[in-house]
Amino acid sequence: MSTSISLSSEPKHTVAELEDLAYELREKLLYLCGTYEGAVHIGGDLSLADMLTALYHYGLNVDPDDISNPHRDRFILSKGHAAVCMYISMAMRGFFDFDDIVATYGQLGSAYGMHPCKVQLRGVEASTGSLGHGLPIAVGMAKSARQKGEKHRVFCVLGDGETGEGSVWEAAMAARSSQLGNLIAFVDRNHQLMTSFSEDRVVLEPYLGKWASFGWNVVSVDGHNMQDLVNIIDNLPSSDSTRPTVVICETIKGKGVDFMERNIAWHAGSLGAADLERAMAALESTRKVVSA
Amino acid sequence: MPVTFTFGEWLSARSVIGSTLAELGGEYDNLWTITPEIGATLGEFRALYPDRFLDVGIAEQVSIGVAAGLAYEGNIPVVSGMLPFLSMRALEQIRSDVCYPNLPVKIIGTHGGLVGNGGSTHYAVEDLALMCALTNMTVTSIADPLMAGDILRQSMKMSGPIYIRLGVGKSDMVLYEPGQHDIQIGKGIVARDGYDATIFTHGTTVAQALEAAETLGALGHSIRVIDMFTLKPIDADLIERCAKETGGRFVVLEDHLAYGGLASRIADVLVDRNINLTAFERLGIPQVYAGFGGDEELRDKYGYGLTSTISAIMRVLATK
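Protein chains in written order, with this note's numbering: chain A, 4 to 295; chain B, 463 to 782.
Excised from the complex, chain B in its bound form:
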């Protein structure tokens, strides 16, 4: 049964995160926010709880190391910054100082994918592959700005680390009516139901997947869209169910390297569970260092824009 999709209002995930942190700061007197000088999101928290805010300057490694030290002392640190730098410059600190002792450090940041027109130094396109490789790490990629705050709140109960990936986070589409979905870390969201094929996606490309499904729906195709916002631990049961219910036809769409991200996580489940598909297509960033351009222009250029998504779905639908 297709669900009618309508574009929602636009909100800033950063401002949602900022106000959620300010709220949580009042509820948890051991919540800290730390930033390597990307602190605009934290303004509200800083104003309310200046003694639990730390801007270390342009120094990603120490931002994570300090967070580990704070967590050892019973605090809950949230490190906010730009993901290309946090996920790579501070990768070893994340791995050895946070994940190894399994500390409740939250890493939240922007610029996941080919977004923001910063060029390849400023695009986080390998981050999910890197984070998924780390034992103890929970890995998420968030599309909906309201959901970003919700996930942050849910993560307060976690005893280990979490990585929360956003796009640019300045202007994001509200995809989910509050209360419409049961959103839980570790469970995929059926953003749109359908029975002919499934698109799995996360983060910045969820809206595009919904638009593709809507377009094909008008042509009589019933396309399921799964927002697999938790890449680790992956919702393997949902993947298995989608294989059975949507004719074994999968498209994986992501603003990340096509190999190493969600598509690879899903492929692992398929192999491990011996699930046979009719068709499997992955859309994502090829092995290139992308240049400049608008977000949609870059997706089009590298073969994972709206047109490519529709074509890929048509191909899996045509596979017998």
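Bound conformation, chain A alone:
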């Protein structure tokens, strides 16, 4: 990586450690989904879990004790409905307290809600939730960094369904026109919208070609393969480069819990105590057996 100033107090994790962290993130997501009385966007949280683990524990140059440092990488969750995946990733990175999230999520007066709010939650970079809004904001942040001569990157995570919004493509053109090589988009290509599978509702393919035709540097990766995610992060172009990069992460909505995977019913939902146990058992069965 070409980041000029390292803020991170956390040592670089190994791939095995990152996989453990992603597992822990999924456990925590399920726990919240099982204890909060309302619906959690668990499907899209689980498809993001490896990506956000790779970013928060490996890729992003951030310091939870210095959240306003101008040299920090910026992170924008454009698919804001996956807020809990970001909250918990940030908690595991040291920004927040997981117990506090569990105790207050969605409650009156809580800073932790269904969609992230910058004003209410310090450490969140932008208020998002309405789809198609994050990438334009990221373009503005990347443009500002360029003008100030700052070397950090701006990362933006989008859902593939979200890219049905025209404003995403306005931003894609703007980023290319401004030659923002310091802008990195990650797309959670989980092939599902809220109520349908993407290709049944809107034809996104040829998906890589769409981004390539907008002049972006396009990389495709298995969004659940930690080694591949780490390799992508290690090989991102310099923030001085002239093409924005999009990492298309092939993912499975609901990844890690068999009865949720690719299941339209689990875009969002709530696990009762019994289903929480079942989900945890399903997750447990995916755990790699580590030989002694």
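Estimated spans, in silico, between C-beta atoms of each pair:
{"no.": "1", "chain 1": "B", "residue 1": "581", "chain 2": "A", "residue 2": "197", "range": "32 to 40 angstroms"}
{"no.": "2", "chain 1": "B", "residue 1": "748", "chain 2": "A", "residue 2": "123", "range": "39 to 47 angstroms"}
{"no.": "3", "chain 1": "A", "residue 1": "243", "chain 2": "B", "residue 2": "748", "range": "53 to 61 angstroms"}
{"no.": "4", "chain 1": "B", "residue 1": "748", "chain 2": "A", "residue 2": "109", "range": "42 to 50 angstroms"}
{"no.": "5", "chain 1": "A", "residue 1": "109", "chain 2": "B", "residue 2": "734", "range": "28 to 36 angstroms"}
{"no.": "6", "chain 1": "B", "residue 1": "759", "chain 2": "A", "residue 2": "113", "range": "50 to 58 angstroms"}
{"no.": "7", "chain 1": "A", "residue 1": "215", "chain 2": "B", "residue 2": "734", "range": "51 to 59 angstroms"}
{"no.": "8", "chain 1": "B", "residue 1": "595", "chain 2": "A", "residue 2": "234", "range": "45 to 53 angstroms"}
Below, in silico cross-link-like pairs of lysine-lysine (BS3-like), each with a Cα-Cα straight-line distance of 27 angstroms or less:
{"no.": "9", "chain 1": "A", "residue 1": "151", "chain 2": "B", "residue 2": "619"}
{"no.": "10", "chain 1": "B", "residue 1": "649", "chain 2": "B", "residue 2": "706"}
{"no.": "11", "chain 1": "B", "residue 1": "619", "chain 2": "A", "residue 2": "121"}
{"no.": "12", "chain 1": "B", "residue 1": "694", "chain 2": "B", "residue 2": "632"}
{"no.": "13", "chain 1": "A", "residue 1": "151", "chain 2": "A", "residue 2": "121"}
{"no.": "14", "chain 1": "A", "residue 1": "121", "chain 2": "B", "residue 2": "694"}
These are computed hints drawn from the structure, not numbers from a lab.
Each residue gets a CB set at the ideal place from its N, CA and C atoms; glycine is no exception.
Using the hints provided, position chain B relative to the given structure of chain A.
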């Protein structure tokens, strides 16, 4: 005591805005200008500060989104464009990306009202209703070209967003001698004093209100003209004072839908403060999608031209 009104010189609000931005760009190294390809006004700024200028092409949504991103980074972005498109195509970006986090983004543009002969796709006639509905937004509509620069300069101290509405902005009448009025965001301007009735107006119709008042002044009627250039926050105290001092006779005149703009803002104050009037008339655009024609022709056609304004004042004066 009537004030004699004389027509001033003609100036381009766009060029005033352009030169003010160029000046402010030198004073504030975090000032940016952004445009969805309506950038002629920004030529001077662009030439001086090319690294703080961005033309995103014909893409209003991203022009506001990018401005939000810049503002999150401590910059002060000014988005300049045509208001029918900024206020409607990018409405949700203005609401959720700018107003929700209360960012200091300035939206300034032209074509407020039935001006420019572009037809209904190109007339911003609902914009003030939309902008006034947004929490954190300050909403202004500017008549005088010099004042446009003044308001822009004042807005540099604001921590939240502001919407600045102009007419076509190519050739506007100078209404106020510099220093003649204490012009402050949030305070109405007594453009002409009087005690028989008050006309409240803003933007492109201020000159017309003054002309109507002048005409009636010659007939012995004392008509107050309030340039209520800030629609939000509204100067409620001034409205209350005018009710007391001008016989409770109000005419509201605006180049905007007659319902949803200044007249509605004033009506809210009257109800909230339990102020009883003798007469209240609103002149503005009815529920139609207007066709083509000159600015004055359209105002005449839709019932808020000079003749209609004089008639409305006569009616409120006749009300006992």
